[in-house]
Amino acid sequence: MSSAFTKAVGRKVVDSATADDVGEIKTFVVDQAGRRITRIQVAGRNRNPQMVDWADVKSFGDDVVLITSQSAIHDATEERTTDIVKGAVDYIGTRIITVDGEELGAVDDVHFDTGTGEVIAIMGNNGRVEAARIRSLGTYAAVVES
Amino acid sequence: MTTSRVMRASEVSGLPVVTINGGDDVAEIKDVVFDGTNHRLVGFTLNKRGWFRGKLRQQLPASSVVAIGPDAVMVADDSDLEDPKVPLGDGESHAVLGNSVISADGSDLGNITGVVITTGKDPEAVGYEVDGNDGNSYFVPISAQMALSDNNLLIPESSTDFIRNDLVGFGAAIDDHRKVLDTASKPQPGASEAESLGRTQA
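Respectively, the protein sequence lines represent chains Y and W. In terms of the numbering used here, the first sequence opens at residue 1 and continues consecutively. In terms of the numbering used here, the second sequence opens at residue 147 and continues consecutively.
A few of these clues could be false.
[Said to hold, decoys possible] Taking beta-carbon pairs under 7 Å as the criterion, some of the chain W residues facing chain Y (in silico):
#1 Met-153
#2 Gly-160
#3 Ile-166
#4 Asp-171
None of these hints come from the bench; they were simulated from the model. By construction, the Cβ of each residue, glycine as well, lies at the ideal position given by its N, Cα and C atoms.
My request is simple: use the sequences and hints to build the entire structure.
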């Protein structure tokens, strides 16, 4: 199954053991290679950014995301995570630039595999870029093969 | 091989330097460092990115560039920015800028106003832009057979056919010019390396 960032943001996050509402998806943390979701930021009652690792996602459903336990929720400490939580790195809206140094537009959306958390493709305003062509996602751009 | 893409070295100034492995803008091109005596592109001096711009100590050697595009200069990662062993000033190109370009038949074509470089991996200087005495602009290919003095640049007869008025046409002319040079060096086996060294060292 696949989903898209813009569709998944706001989706309810529920503790699979206790059935408690934990919060809702705020953002996705993607690795520097731009290929895989490593964490999800969950917006709940806590004021600090709250993260859950992709490994603790039990089921990424169309309506609800089940996580193993609320105890898996943790603060954002690692640098890549804080970069994304603070908005320094964000797939949506970032420019797409080729390894030849040419801009191709900006990212409108990201399609991902709900089973593995792997990015399938980024949807640019000038076309789709398959994950195999993605080289990195950083503070300036998503760099892709030309 | 596709036609060489070329651009004026001066147009690189201001472009961000972006890492392919990180997606970060690690610097901005300040100026071109050009060795006029040897007609060789050395690299680029850099500015910091962001609101608090200022000169970066590190420089970007031409050999570390993966590509120069219309929107960015691409490098593998930020370790490609180097502390220069011998700091190079920004005025190195003055050895040729302003010089008169003299053709083999004794015509004074005009004065050198800029350097033309290739835009692919490991970019190099391939020509000079000349502000012609007839009011036109010319692009003259760099070759090993050129002779440079304080005031003049003498170009060989073999290069005159490859002078162009437009940059796009000049990119194609450069490829043809190289073929002629390569063919000329063919009779001596194993001379190809010496030829390429000779070309950069003039």
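Going through the hints against the structure:
Given hint, Met-153(W) at the interface with chain Y, is violated; its Cβ is 11 Å from that chain's nearest Cβ, farther than 7 Å. About 13 Å separates the beta-carbon of Gly-160(W) from the nearest beta-carbon of chain Y, more than 7 Å, and the hint is not met. Given the 7 Å rule on beta carbons, the hint for Ile-166(W) holds: about 5 Å separates it from the nearest Cβ of chain Y. At its closest, the beta carbon of Asp-171(W) sits 4 Å from a beta carbon of chain Y; the interface hint therefore holds under the 7 Å criterion.
When each numbered hint is compared with the structure, violations occur for hints 1, 2.
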